[in-house]
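With the hints as extra help, turn the sequences into a complete structure.
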Amino acid sequence: MKSFGLIFVLYHPTTEFLRNLSKARATCDNVIAVDNSPVPDAHLHEALRHDGTTVIFNHNQGGLAGAYNKGAEALLSQGCEIIFLLDQDSDIDEFFFSKMMQACSTLNTDEFIVGPKIYEINLQKCMPVVPPGQRMPKPFRIDKETEGLFPTLFVISSGSAISAQAYRKLGAFKEDYFIEAVDVEYGLRASSQGVPVYMNAAVTMRQTTGHIERHGKLFTTNHAAWRRYYGARNIVHAFRLYRSQWRLYWFGGVLALHQGLCVLLFEPQKWRKIVAIACGYLDGRMGRLGTFEARRPKMAAFCKRSAREVITVGANSSVTAK
317 MKSFGLIFVL
327 YHPTTEFLRN
337 LSKARATCDN
347 VIAVDNSPVP
357 DAHLHEALRH
367 DGTTVIFNHN
377 QGGLAGAYNK
387 GAEALLSQGC
397 EIIFLLDQDS
407 DIDEFFFSKM
417 MQACSTLNTD
427 EFIVGPKIYE
437 INLQKCMPVV
447 PPGQRMPKPF
457 RIDKETEGLF
467 PTLFVISSGS
477 AISAQAYRKL
487 GAFKEDYFIE
497 AVDVEYGLRA
507 SSQGVPVYMN
517 AAVTMRQTTG
527 HIERHGKLFT
537 TNHAAWRRYY
547 GARNIVHAFR
557 LYRSQWRLYW
567 FGGVLALHQG
577 LCVLLFEPQK
587 WRKIVAIACG
597 YLDGRMGRLG
607 TFEARRPKMA
617 AFCKRSAREV
627 ITVGANSSVT
637 AK
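Residue numbers 317 to 638, in this note's numbering, belong to the letters of the sequence shown in order.
I should point out that these hints are in silico values taken from the structure, not numbers from a laboratory.
All residues carry an ideal CB built from backbone N, CA and C; glycine is no exception.
One should not assume that every hint holds.
[As the list claims (entries may be wrong)] Result set (DMTMM-like, lysine to aspartate or glutamate): computed pairs, CA atoms no more than 20 angstroms apart in a straight line:
id, residue 1, residue 2
1, K415, E397
2, K386, D357
3, K318, D345
4, K533, E427
5, K386, E491
6, K460, E436
[Claimed, not checked] Restraint-style ranges between C-beta atoms, simulated for each label pair:
id, residue 1, residue 2, range
7, L580, T330, 38 to 44 angstroms
8, F582, D426, 44 to 50 angstroms
9, S338, Q394, 20 to 26 angstroms
10, S319, N438, 34 to 40 angstroms
11, R451, R484, 27 to 33 angstroms
12, S560, H328, 23 to 29 angstroms
13, L581, H359, 42 to 48 angstroms
14, S338, L439, 23 to 29 angstroms
15, K441, L334, 23 to 29 angstroms
Structure below.
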C-alpha cells in the first residue's frame, strides 16, 4: 500500500473538533495539524505533539488554502505518496482511510484526486456529483450508491485524497482565495490539466457547512457578510478562469445570484450581505483578488460591523444597524 498522511486544519478548535482529530489520528499514523487560529495555544500544541501529531502554527496565512499548502509541503518532504485533507468539523469513521486507499489503488494513474460522498448533516442528504462537461452541468446524487468512482469536476476539499504526483503537477492551492471555493478552483484546474477527479461512493463523510437551515427546496448557510464576499468573488473568478476549457464562465454568476436570493429571503443583515455579494461578483469578474480589506476597505468595514452597532448620523441622533 502507498504511504499516506493527513493534513488536519484547526481554527479555534472546540472539544468536539478535537475529538474529530483524535478519531482521525487513531487510524492514520502520519497526522499534521495545521493550526490557523490567530493566537497559538501552547498547551494544546504540546499535548498534540505528545500524542505524536506534528503541529504547524500557520497564523491563518493564506487562509484554508495556506494551511493545506503548509501541510502538503511537510508531507511531500517525508516522501508521502497520498495527501489527505480534513477540516476540523468533518466526521469520519474507522474505515475511512482504508476504503479511500482501496479506491485509489484501483486507478491506473499516479495523478488523481478522490473525494468521499459528503453527507450534509443539516440537509440530511449528500452533496451531488457535477460531471465534467462543457455545457450546462447536470448534477446528480449518489446517496444510495455504495460502490464505484464517479467522475466529477470537483470535490469538497475536506476528506479528499490527492496523489503527490497530482499535487506536484497542479501546484499549490490558491492562497488569495483564502477559504471559499478553494476546492472548486483546484478541481477545475485538475480537470483542465488531465488530472481525473472522482467521488467515491463507497465512503461517506459527515459534515456541515455553516449554520445551514432548510426552507423547502432552498437552504441558506447564514455565513457572515465578509464570507459572502469571498464566496461570490471566488466562485465567479474560478469559473471564468477556466472558461476556455469548460465554457462555464456564466455558472459562477448564477451561483452568486442564488446566494443573494437566499440572503434576501431568509437571512438577517440583508443589506450588508447583498453589498458583500455584489462587490465579490464585480471583483471576481474583473479578476481582482487579495483580501476584502485591502481591495475595498470601506465596504469591508461596513460589512464586518456588528449587527447591533450604533451608527451616528448626526450630532444628536443615531440609528441601530440591522
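Evaluated hints:
| no. | hint | result |
| --- | --- | --- |
| 1 | K415 to E397 | 16 angstroms, holds |
| 2 | K386 to D357 | 18 angstroms, holds |
| 3 | K318 to D345 | 13 angstroms, holds |
| 4 | K533 to E427 | 37 angstroms, violated |
| 5 | K386 to E491 | 11 angstroms, holds |
| 6 | K460 to E436 | 14 angstroms, holds |
| 7 | L580 to T330: 38 to 44 angstroms | 32 angstroms, violated |
| 8 | F582 to D426: 44 to 50 angstroms | 45 angstroms, holds |
| 9 | S338 to Q394: 20 to 26 angstroms | 22 angstroms, holds |
| 10 | S319 to N438: 34 to 40 angstroms | 36 angstroms, holds |
| 11 | R451 to R484: 27 to 33 angstroms | 32 angstroms, holds |
| 12 | S560 to H328: 23 to 29 angstroms | 40 angstroms, violated |
| 13 | L581 to H359: 42 to 48 angstroms | 44 angstroms, holds |
| 14 | S338 to L439: 23 to 29 angstroms | 26 angstroms, holds |
| 15 | K441 to L334: 23 to 29 angstroms | 28 angstroms, holds |
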